[in-house]
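> Sequence:
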Amino acid sequence: MMGSNVSGSNELIRRILAGDLPSHPDFWTPIIDVRDLAEAHLLAMPPSLLSNGSSLVVVRGSP
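Numbering follows numbering that gives the first Met the number 0, with no gaps: position 11 of the sequence shown is 10.
If you're looking for bench data, these hints aren't it; they were derived computationally from the structure.
FRET-style restraints, in silico, Cβ to Cβ: (1) 41 / 6: 22 to 28 Å; (2) 56 / 12: 26 to 32 Å; (3) 21 / 48: 40 to 46 Å; (4) 46 / 25: 39 to 45 Å.
Don't be surprised by glycine CBs; every beta carbon is placed ideally from N, CA and C.
From just these sequences and the hints, can you work out the full model?
Below is the structure:
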């Protein structure tokens with residue numbers, strides 16, 4: 000169930016479910032499962048960071 004505050008990616012899904020867009024729109028949009036993205040980041044991380052207990056934190060925006 001979606002609330003009234005819908006993000007950009009969720010808005011696309013909401014519109015498809017509501018029938019406002021075809022289920023196979025004729026355009027490309029980058030949607031990715033965050034679990035796949037997290038796995039890709041771990042695979043790209045240097046092995047030395049994974050084995051010595053170091054942490055790498057990345058944030059978006061300003062403090």
